[in-house]
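Protein sequence lines, in the order shown, are assigned to chains A and B. Numbered according to this note's numbering, the first sequence terminates at residue 721, and the numbering increases by one at each position without gaps. Numbered according to this note's numbering, the second sequence terminates at residue 1154, and the numbering increases by one at each position without gaps.
Just to be clear, a hint being listed does not mean it is correct.
[What the hints assert, rightly or not] Distance condition first, Cα-Cα at most 20 Å in a straight line; then the derived SDA-like pairs of lysine to any residue:
{"id": "1", "chain 1": "B", "residue 1": "Lys1127", "chain 2": "A", "residue 2": "Asp661"}
{"id": "2", "chain 1": "B", "residue 1": "Lys1127", "chain 2": "A", "residue 2": "Arg609"}
{"id": "3", "chain 1": "A", "residue 1": "Lys241", "chain 2": "A", "residue 2": "Asp288"}
{"id": "4", "chain 1": "B", "residue 1": "Lys1127", "chain 2": "A", "residue 2": "Pro422"}
{"id": "5", "chain 1": "A", "residue 1": "Lys417", "chain 2": "A", "residue 2": "Arg378"}
{"id": "6", "chain 1": "B", "residue 1": "Lys1127", "chain 2": "A", "residue 2": "Glu645"}
{"id": "7", "chain 1": "A", "residue 1": "Lys258", "chain 2": "A", "residue 2": "Asp288"}
{"id": "8", "chain 1": "B", "residue 1": "Lys1127", "chain 2": "A", "residue 2": "Gly113"}
{"id": "9", "chain 1": "B", "residue 1": "Lys1127", "chain 2": "A", "residue 2": "Arg664"}
{"id": "10", "chain 1": "B", "residue 1": "Lys1127", "chain 2": "A", "residue 2": "Ser658"}
{"id": "11", "chain 1": "B", "residue 1": "Lys1067", "chain 2": "B", "residue 2": "Gly1078"}
{"id": "12", "chain 1": "B", "residue 1": "Lys1127", "chain 2": "A", "residue 2": "Asp662"}
Treat the hints as calculated values from the structure; they're not laboratory data.
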Amino acid sequence: MSTVADPTRREFLRTAALSAAGLVVAFYVPIGRRFAHAAEGPPAAPAALAPANAFLRIAPDDTITVLLAHSEMGQGIWTALPMLIAEELDADWSRMRVEHAPAAPVYAHTAWGIQATGGSTTTGSEFDRYRQVGAAARALLVQAAARRLGVAPADCRTENGAVVAGGQRLRYGELAADAAQLPMPATVTLKEPQDWKVIGRPTRRLDTPEKIDGSAVFGLDVRFDGLLTAVVERSPVFGGKVRSFDDAAARAVPGVRKVVQVPSGVAVVADHFWAAQQGREALKVQWDLGPGASLDSGAMLAEFRRLAGTAGRSVASAGDVPAVLANSKRRVTAEYVVPYLAHAPMEPLNCTVRIGADRCEIWTGTQFQTLDQMTAARITGLKPEQVELHTTFLGGGFGRRATPSSDWVSEAVHVAKAAGAPVKTMWTREDDVRGGYYRPMFLHRVAVALGDDGLPTAWDHTLVGQSVLAGTPFAAEIPANGVDPASVEGTADSPYLKAVPNLRVQLHDYASPIPVLWWRSVGHSHTAFVVESVVDELARSAGVDPLAYRRRLLAGHPRHLGVLELAAARAGWGSPLPAGRGRGIAVHESFGSYVAQVAEVSVQDGRIRVHRVVCAIDCGVAVNPMTIEAQMESGIAFGLGAVLESEITFKDGRVQQSNFDDYRVLKLPQMPTVEVHIMPSRERPGGVGEPGTPPIAPAVANAVAALTGQRLHELPLRLRT
Amino acid sequence: MKLRVNGTEHEVAAPGDMPLLWILRDLLGLTGTKYGCGVGQCGACLVHVDGEPRRSCMTRAAAVAGKSVTTIEGLAEGASHAVQRAWAELDVVQCGYCQSGQIMSAAALIASNPRPTDAQIDATLGKQLCRCGTYQRVRAAVHRAAELHREERK
């Protein structure tokens, strides 16, 4: 399928989209809320169906090419979105092809208004639009066939990539040219769920062939004649600036072409990576380090603790928390801490840029096309539409390829501009681990009073950590109370806390030069760990089985209870375990989906081993159950790395980790057996990329507590000896 | 220096300390072999040198002169290798970036061990990192590939 990226591909795309030889379908969808995830409500129904650009091309050879408005980074939308079209189109699945769409306004997220992938929203936000594309294309093909055959459209039916009427059968490829001449239908009627044949059918990935033979093109694989490669020497401390540099030795390295200063540091531009890297090692840069040079993890924790003892911004407030806590006979108090974390996608960041007189071309694996395009336009002085952004496959994203600052794209544009040549700017693994945009460190301090019935009567919860949204173009999403929703999601909005009559949730923003970012499941990555661990502590204090205790607290929350019961039943909750094994349970809602997990652990040589995880998910309509299973395995593995291994720490402003030897992630021998059970549902599709991650930390911590009696309050989990 | 890659003889102008990874990717344009860490920690760059699994980021040009290198592009015609077929059957890949290394590692394992145990898979594939967490399917697919491989040899 795709081979090495061809710079002329964009031209081809444009030509194809305008060609009368194929059918091109698209819709204009009114821009909805800018930064609400789709699970909060159905996207606005299209006011009018109007052709604007291509979501779909049907070629004379019957191939159906779907243009993805979102980025494939492993989460499986390369398969799920074509399924939505194929369902309504009655397509021949074997003829489906997929491409990333170019960056253009027509591909804007239906809820956010910018072209972006994130928040586990792709399938949910495109559930209507991609089905409507398929339905409209089908209607046009039927109309074209009816004209050709001289029958009424009502006498035609569609099956497996063809229109059938009477004894005749016309393939879509034969009809596409005629259909392209017809006006778009004013409205389309979508199939009823009971008629679905594709949605809900376990379907293998469409991107497998090119990902098992080495031909898939990731950003790092983009090549064309004249392309140079750069690496950038950046400040060893966040916020540091170049004072001066000596590049004589760097320039002397064979293959090094240029050394240029850019806002983020000094770039060594060479014929290939190895020369660039050798050049960078020979470069001598003097830095003005600034205040970031004093960053120290121990001092930060002390400051977090100090802040936690002061009044913060109010997230939620009800009743009289101090009075109830002071008068309660039974109280649970705890402090939880989670570290900064790097995303460390397997493909380090990279971006290829070619700047011409009236256009700038960019090839990169990004989650934020529109922002990257705007950033490149600003740097080059071009208009956004003169910036042609080609989305490649993403070698993992997890949030790192969605920076509001477009950090790596911006830097690459600066490098290409300064070098006066097409340049691929590459990050090494060390650059990635030390380069910031981390999941922020958080400290939670929690005090809960229990009534005579063992249920919480007061819940006091203070969070301290850096805001992901503050200081970015998304800061407008922070409401008037100053509380970044990405810091606190999963606390005050949790069904546990909402039911407590006396509730106080407070947030302290910690100001720091450390760049922070959403990391798979964002705030839920720490709030689920804390809330679900605390609930287990409460159950223990109340002397009630953790599952039974959750049943009491979650009465009235059927989707939470549904997955809780399903996971517990399939895990054999309450049945005897082999000696040396412990079980823990957790349930959490995030990104419109509900996930419960039961983890089974042991301790071997002082190390926690997770043997089995039973996972139940209610994500509404399960568009591709195979993808959902894979994403639960993935979310669990990603979360487990942070539970067992990963942390970023600082000393003298320097990140103390550098590569996979000291920024450790989950390895295959640590992977538990994961069993996934999907709740049947007709609710709108929720997310699946992120919701598998939040419950794994508390499920494991709760299992460790059940097994050892040790309640661990910090990630990564470390047993006390 | 002379270098045989996927059956084709190449004359490569590379300094002796240049890692094989960058010779393959930047000089020969074989981008299926991936860079992940550069220090032999992740296995994304694994290739076969004279049939043996090698991390190409840690293998210097001087060490492979005159030798025969196989990359993912040359593993089998039309992705027909037992490992590739097992990978497709079990829907292993996600982002796909680490998969060339995983597949090359698995192919080397079953070539030398037609019936690997879980422990042997852990010992070998345990050195191949994947951030998408495809590990459970990798393990199952290695068993399936070994089975397909045994069937082929009957």
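How the hints compare with the structure:
For the proposed pair lysine 1127(B) and aspartate 661(A), the alpha carbon gap of about 11 Å is at most 20 Å, so the pair holds. For the given pair, lysine 1127(B) sits about 18 Å from arginine 609(A) by alpha-carbon distance, which is consistent with the 20 Å threshold. The suggested pairing of lysine 241(A) with aspartate 288(A) holds, with an alpha-carbon distance near 5 Å, which does not exceed 20 Å. In summary, the hint linking lysine 1127(B) to proline 422(A) is not supported, as the alpha carbons are separated by about 36 Å, beyond the 20 Å threshold.
The suggested pairing of lysine 417(A) with arginine 378(A) holds, with an alpha-carbon distance near 12 Å, which does not exceed 20 Å. Simply put, lysine 1127(B) and glutamate 645(A) have alpha-carbon atoms about 15 Å apart, close enough for the 20 Å limit, and the pair holds. For the hint linking lysine 258(A) to aspartate 288(A), the alpha-carbon distance of about 23 Å lies beyond 20 Å, and the restraint is violated. Between lysine 1127(B) and glycine 113(A) the alpha-carbon distance is near 42 Å, which puts this suggested pair outside the 20 Å criterion.
The suggested pairing of lysine 1127(B) with arginine 664(A) holds, with an alpha-carbon distance near 12 Å, which does not exceed 20 Å. Taking the CA atoms of lysine 1127(B) and serine 658(A), the gap is about 18 Å. The hint holds against a cut of 20 Å. Using a Cα cut-off of 20 Å, the hinted pair lysine 1067(B) and glycine 1078(B) is violated, with the two alpha carbons roughly 24 Å apart. Proposed proximity of lysine 1127(B) and aspartate 662(A) is supported: the alpha carbons are some 15 Å apart, at most 20 Å.
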